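Asks: The primary structure of each chain is shown beneath.
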Amino acid sequence: MYSEATTEPPETTESVTPMTGQPETSAPAQTAGTADKNVKVKAENVNLWYDKTQALHDLDLNIYENEVTALIGPSGCGKSSFLRCLNRMNDLIPSVRIQGQITLDGEDIYHPDVDVVQLRSNVGMVFQKPNPFPKSIYENIAYAPRLHGIVNGRRDLDELVEHSLKRAGLWREVSDRLQTPGTALSGGQQQRLCIARAIAVNPEVILMDEPASSLDPLATATIEELIDELKDRYTIAIVTHNLQQAARVAGYTAFFHMGEIVEFNDTDTLFTNPREQKTEDYITGRYG
Amino acid sequence: MSTRKLTGSANNPQIRRRYRAEKRFKAYCIGAVSIAFAIIIAFFTDIISQGYTAFWQYQVQVTIDYNDRAERLGQFALDRDMREVASRGATRSIPRAIDRNPDLLGTTEERWVPVKAEIDQYLKHGRDILEAKHEEVAAAPELPDKLRKKVDALIDEGRIESAFNTRFFTTGDSKLPELAGIFSAAVGTLYVLGITLLCAFPIGVMSAIYLEEFAPDNKLTQTIEVNINNLAAVPSIIFGLLGLALFINFFGVPRSSALAGGLTLGLMTLPIIIISTRAALRAVPDPIRQGAFAMGCSRWQVVRDHVLPSSLPGILTGTIIGLAQAMGETAPLIIVGMIAYIPEAPSGVFEAATVLPAQVFTWASEPEQAYVEKTAAGIMVLLAVLLTLNATAVFLRRKFERRW
Amino acid sequence: MSVGQTTLLLLAGLIPLGYAGFFLGRRKALNTQAEGIRLHSRPQQYGWYSVVSMAVPAMAVAFIASLLNLLGWIALPSELVLIMTLVTAAAGFGFGLRAIQPSLRARIKLDNLMRWLLLGAALISIMTTVAIVLSVIFEAMRFFREVSVWEFITGTTWSPGDSFLEAAGRGDEVGEGGGGVFGSVPLFAGTFMVTAIAMAVSLPIGLLSAIFMSEYASQRIRGIVKPLIEILAGIPTVVYGFFAAVTVTPIIVDIAGFFGLDASYSNILSPGIVMGIMIIPFISSLSDDVINSIPQSLREGAFALGTTRSETIRSVVVPAALPGVISAFLLGVSRALGETMIVVMAAGVRPNLTWNPLEDMTTVTVNIVYSLTGDQSFDSPQTLSAFALGLVLFIVTLTLNVISTVMVRRFKQQYD
Numbered sequence: 000m001y002s003e004a005t006t007e008p009p010e011t012t013e014s015v016t017p018m019t020g021q022p023e024t025s026a027p028a029q030t031a032g033t034a035d036k037n038v039k040v041k042a043e044n045v046n047l048w049y050d051k052t053q054a055l056h057d058l059d060l061n062i063y064e065n066e067v068t069a070l071i072g073p074s075g076c077g078k079s080s081f082l083r084c085l086n087r088m089n090d091l092i093p094s095v096r097i098q099g100q101i102t103l104d105g106e107d108i109y110h111p112d113v114d115v116v117q118l119r120s121n122v123g124m125v126f127q128k129p130n131p132f133p134k135s136i137y138e139n140i141a142y143a144p145r146l147h148g149i150v151n152g153r154r155d156l157d158e159l160v161e162h163s164l165k166r167a168g169l170w171r172e173v174s175d176r177l178q179t180p181g182t183a184l185s186g187g188q189q190q191r192l193c194i195a196r197a198i199a200v201n202p203e204v205i206l207m208d209e210p211a212s213s214l215d216p217l218a219t220a221t222i223e224e225l226i227d228e229l230k231d232r233y234t235i236a237i238v239t240h241n242l243q244q245a246a247r248v249a250g251y252t253a254f255f256h257m258g259e260i261v262e263f264n265d266t267d268t269l270f271t272n273p274r275e276q277k278t279e280d281y282i283t284g285r286y287g
Numbered sequence: 000m001s002t003r004k005l006t007g008s009a010n011n012p013q014i015r016r017r018y019r020a021e022k023r024f025k026a027y028c029i030g031a032v033s034i035a036f037a038i039i040i041a042f043f044t045d046i047i048s049q050g051y052t053a054f055w056q057y058q059v060q061v062t063i064d065y066n067d068r069a070e071r072l073g074q075f076a077l078d079r080d081m082r083e084v085a086s087r088g089a090t091r092s093i094p095r096a097i098d099r100n101p102d103l104l105g106t107t108e109e110r111w112v113p114v115k116a117e118i119d120q121y122l123k124h125g126r127d128i129l130e131a132k133h134e135e136v137a138a139a140p141e142l143p144d145k146l147r148k149k150v151d152a153l154i155d156e157g158r159i160e161s162a163f164n165t166r167f168f169t170t171g172d173s174k175l176p177e178l179a180g181i182f183s184a185a186v187g188t189l190y191v192l193g194i195t196l197l198c199a200f201p202i203g204v205m206s207a208i209y210l211e212e213f214a215p216d217n218k219l220t221q222t223i224e225v226n227i228n229n230l231a232a233v234p235s236i237i238f239g240l241l242g243l244a245l246f247i248n249f250f251g252v253p254r255s256s257a258l259a260g261g262l263t264l265g266l267m268t269l270p271i272i273i274i275s276t277r278a279a280l281r282a283v284p285d286p287i288r289q290g291a292f293a294m295g296c297s298r299w300q301v302v303r304d305h306v307l308p309s310s311l312p313g314i315l316t317g318t319i320i321g322l323a324q325a326m327g328e329t330a331p332l333i334i335v336g337m338i339a340y341i342p343e344a345p346s347g348v349f350e351a352a353t354v355l356p357a358q359v360f361t362w363a364s365e366p367e368q369a370y371v372e373k374t375a376a377g378i379m380v381l382l383a384v385l386l387t388l389n390a391t392a393v394f395l396r397r398k399f400e401r402r403w
Numbered sequence: 000m001s002v003g004q005t006t007l008l009l010l011a012g013l014i015p016l017g018y019a020g021f022f023l024g025r026r027k028a029l030n031t032q033a034e035g036i037r038l039h040s041r042p043q044q045y046g047w048y049s050v051v052s053m054a055v056p057a058m059a060v061a062f063i064a065s066l067l068n069l070l071g072w073i074a075l076p077s078e079l080v081l082i083m084t085l086v087t088a089a090a091g092f093g094f095g096l097r098a099i100q101p102s103l104r105a106r107i108k109l110d111n112l113m114r115w116l117l118l119g120a121a122l123i124s125i126m127t128t129v130a131i132v133l134s135v136i137f138e139a140m141r142f143f144r145e146v147s148v149w150e151f152i153t154g155t156t157w158s159p160g161d162s163f164l165e166a167a168g169r170g171d172e173v174g175e176g177g178g179g180v181f182g183s184v185p186l187f188a189g190t191f192m193v194t195a196i197a198m199a200v201s202l203p204i205g206l207l208s209a210i211f212m213s214e215y216a217s218q219r220i221r222g223i224v225k226p227l228i229e230i231l232a233g234i235p236t237v238v239y240g241f242f243a244a245v246t247v248t249p250i251i252v253d254i255a256g257f258f259g260l261d262a263s264y265s266n267i268l269s270p271g272i273v274m275g276i277m278i279i280p281f282i283s284s285l286s287d288d289v290i291n292s293i294p295q296s297l298r299e300g301a302f303a304l305g306t307t308r309s310e311t312i313r314s315v316v317v318p319a320a321l322p323g324v325i326s327a328f329l330l331g332v333s334r335a336l337g338e339t340m341i342v343v344m345a346a347g348v349r350p351n352l353t354w355n356p357l358e359d360m361t362t363v364t365v366n367i368v369y370s371l372t373g374d375q376s377f378d379s380p381q382t383l384s385a386f387a388l389g390l391v392l393f394i395v396t397l398t399l400n401v402i403s404t405v406m407v408r409r410f411k412q413q414y415d
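Chains as they are written, first to last, in numbering that gives the first Met the number 0: chain A, 0 to 287; chain B, 0 to 403; chain C, 0 to 415.
None of these hints come from the bench; they were simulated from the model. For clarity, every value in this text was computed on a predicted model and none was experimentally measured. Each residue gets a CB set at the ideal place from its N, CA and C atoms; glycine is no exception. Hints may be right or wrong, so weigh each one.
Said to hold, decoys possible - Which chain C residues face chain A? A few, computed with CB under 8 Å, are given here:
hint : residue
1    : Phe302
2    : Ala303
3    : Thr307
Make the full structure from the sequences, and use the hints.
Replies: In structure tokens, the structure reads:
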């Protein structure tokens, strides 16, 4: 593994080909009725390899500000790999090579000058399995803000912890036991703790990789409600296996298949009136 | 808007500080590994630079005159001035030789014999320094002026020269450093390891088979398991105390004997062999066992005909590693008395014996300068054998490692 | 007759009987089979059955006789034992052959015997522990009959008598009350001093090396670094002792002299440092295992918040791995406490209660060795004191090992 200290690992520096010559009009234009939306994250011609195996092929995708975008598709279709490109979590896997351009508010996130630490504090992530740190609930949340110097003083920090827990809908359940270990919470609570932890850094985008797949239906419903509330302040991209979940929470949906985006549209259109046969087969349960 | 969020690290003092901390921490880690490497290199360089000279020895050409007086004391077979140069040990056997073969009396013979240890040390370490007119002659081995002149003259005549020290490998310990060798210690080591193997291997493998293949999951089994793990971590000197109290005082095994040492080390090696054999047995997948059971084999037949053959390389690897560990062990052997002075190789397991590490220890406590290089040379031999054993174990594991 | 001769004669009687038993038993079974009668087991299993029914009772007789002899209860003449054994063997031989019938379940009986044999082997390790405990306690009790436990634990003067130091060639260092004073505090002080120095060397180097191998190094580098560091674990302690005494000690004395300090030629710092070197691979490989078993998701969770690698390691990975690291540390401590050769060769023999690592100090293990290598009779308090010291050493290291095992088990349960 290479060091995180350098802003840019050599493997990716060489492989990234900024495609600045690309005219703006060639951006994904499959979607109707998005003219008024602001594009937060824009992916163009993204290719990704694990060693020699290509996992993503020429992906283009717009993620709109203050919207929930769902990435759906059968297992192994590359949706999680793509999600992990958006905050460069794939840098941690030595065998991964990425080509293409991904911008956040117009800034190329794979540019050699980009600082991954800053990128990741702007693009937070919640994982499939809740992964609270083996620390107290309070420390789980206070850890990153303290590191990034977001707060000054103990009182600010207390406020931020409370604020984040409230925003994640966990405050009422844990306010009296902030010093107990985060790992002692139930699965759904742990996942909301992880969301609170991500929120505390004050990101603009939150990536969620099947955040409810390891939870029971009740906890899943709570998380879905939470996602709905969060979209007013954050731009959210969520990978999910669960089509109903995508339909419930997402404004836009992209259907991935074999490392390509087959179809991208607003969720209602994609589910009720898919343009592609493959999409229809998938959402009607004929395969996947 | 372009360099707003993601590329500000150059101007943000806080992020710069965090990256400096990152670099510092990584440097600590690399530093720790480098220190470990530096220690390894310094260690081997030190041992080799102290020991390699022991593999060469200066010898002098003398005339042996089998006369009447030599029949009583070998020293008299040499010229008066040669007696100061040649090792006393070189002439020790002359009376016996005359006794055995009286025809020798009155004859003479030219022979190369080792020089005294002080002269050997002077020639190896002192002479060059003197010739280079170095400042710090005080630290170098020195000889009285008269003797030094004589030695220098003998070298000019070509009657003193350096030769490969085969004696180091063919003789036992000696009170004369120029004659001391590792042969009897090596024989002792073989005896001890033989007994260790005979005692630890069958019992260890059988215990492992019981625990892995037969044992029901009950309190007794758990006790045995916990006990084996703890036994593996008991300090070796405690095993020495056990050997002394049990084998020597209770069972009456002769003190200092290879049997006492071998049994003690056998008990010490037992947990290592059990643990590695269990790991090897566990690596054999269950379908193989079930297949054999389905053919009507009894449990013992399954183990004997199917599980053991598949896990044999793993068992051997563990045994070699256990033996290598036993071979380097000194403390328990000292406790059972295996630091006796052993000039002749033992001819049985009941006789007093010594082993390589104990020989190293004995030499290291000798005050003479000449023993330092013997010690280091003994260590070089010991390390060479141990590294070979461990390399063999690694090779076996690589070669026979099977992915099921 | 000597023990060896008796054993030889015994084997000379039993081995032919065994052969005969095997072939006769098998022949009987084969004959029965030839008559068209169905046997429960295979013919050679009947052969083995008759061997076993001959040998097991005979061995038992010989074993019991020699045990009685050893314990000194009844000393039977060895001729009598020999005859008794051979008679039993012959009786068992006849009985075994008679018992061979088509319905005899020889295979199952052999299987059961095998199981008992294996269980017996497994019990040997338990018996070893029991033997350690018994022998050490028994001799220590004899020591405590002459020296009070309280004096042993709290006394600050260790002076077992003149012969002890003279045997070690240090007759000039005999303390005041030459009659034998056994206050073990100075010895334990030396042991803890040397252990503290060793851990101060091995913990940072071992832990940081483990972090380097598991968090920073590529697979290839790791494949080179790990075995190289483990070379240190394969070096015999007597070699470390030589290295400490001949190389490290003079360097320390020189360095101390450079700073105007006076260091002893048997200072405790040198064996401490070298012992630390010896323990580096234990700490590094155990910590490396533990750090590797921390799930990747925990690291990713931290990275996703925008932490650098070292921040992730320090605030997430190491705290999560802490129980495992502590248990590696405890194992290292237990090893340092019981280490003998390095201190015997490089540390002093003068009991000395001091905080200065440049002075000479002696340790528990050094005193065990020197009290058992002198020329005293086995019953003298000096000799027995070795067992009292050994008892304390055994209890302390055992406790450390148990705590360490429990901690690792808890840790493993958390992340599997």
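Asks: Against each hint, give a clear statement of whether it holds in the structure.
Replies: Taking the hints in turn, this is what the structure says about them:
{"no.": "1", "hint": "Phe302", "result": "holds, 6 Å"}
{"no.": "2", "hint": "Ala303", "result": "holds, 4 Å"}
{"no.": "3", "hint": "Thr307", "result": "holds, 5 Å"}
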